[in-house]
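Chains A and B are the protein sequences, given in the same order. Per the working numbering, the very first residue in the first sequence carries number -3; after that it's consecutive. Per the working numbering, the very first residue in the second sequence carries number -3; after that it's consecutive.
No lab work stands behind these hints: they were computed from the structure. No false leads were slipped in.
It does not matter which identical chain is meant; a pair holds if it fits inside one copy or across any two.
Cross-link-like lysine-lysine pairs, in silico, DSSO-like; alpha carbons within 27 Å at most:
1) K63 to K87
2) K72 to K101
3) K101 to K87
4) K102 to K72
5) K35 to K87
6) K102 to K17
7) K17 to K77
8) K102 to K87
Protein chains: 2
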Amino acid sequence: MLSNTPPPPYYAVIFSSLRTKNDDNYAETNAHMNQLALKQDGFLGMEDASSDIGISISYWRDLVAIKTWKENLAHKDAQEKGRQLWYQHYKVRIAIVEREYEFLKK
Amino acid sequence: MLSNTPPPPYYAVIFSSLRTKNDDNYAETNAHMNQLALKQDGFLGMEDASSDIGISISYWRDLVAIKTWKENLAHKDAQEKGRQLWYQHYKVRIAIVEREYEFLKK
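Same shape as in the complex, but just chain A (with noise of 0.2 Å):
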C-alpha cells in the first residue's frame, strides 16, 4: 500500500541497500522493526520495495522523530546487525518533503 501521509512539508527517510547472501534473522528482524517504527510518535507512513536493490522510506513528522528512532536502542542493535550481516552497501538519504500528488484510477 502506498503511505496516506499528511500534507507536505513532512520528512522522508530514503534507505537504499544492497544484501549479502546473509538472511540470518534478516526478514523477523525487519519486521519487527516495522512494527516497532510504526509506534514511534511522529511516524507518518512507510514504504518498501525490492529487486535487485531494496528502497525502503519512511515518512516522519520532524526532524526530532527521526532522532529518536534513529537511537531507539532495538533499533540500534538491529543496525548493527545489519552492518554485520546483512548489508553490503546502503546510502540514507534525509529529504523534505515539499509537494506531494497523486493519481488514482477511478
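The hints should help you fit chain B onto chain A, whose structure is shown.
Relative to the frame of chain A, chain B by itself:
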C-alpha cells in the same frame, strides 16, 4: 546499483505506485524513459525496486531540471499512457535531500 549522488542539497522525486494488470509496452516504455531521463540536464541518478508496490526515485540538481523533464514530450506521452493503462494508483513526492550517509562493507 545505488546512485552515486553528489553532496546535498539536491532533489529527489519519489514515485510510488500500484500497477494494474496491464503490461502492454510497460517494460519497453519504462526502459526508454530511464534512458531518456539520464540524458537530461541536471539528472543525478535513479534507484528503483518493485515488489507489492513499485518505488522509483530519481535525483535532480534543482526544480527547473525536474520541471523540464516532467514536460518533456515523450515523457508526457508516457505519463498519459501510465494513467490510462499501467497504474492503479501513484503518488509523486518532491523532496529536498538535506543529508546523506552511507555504509560500505570492507
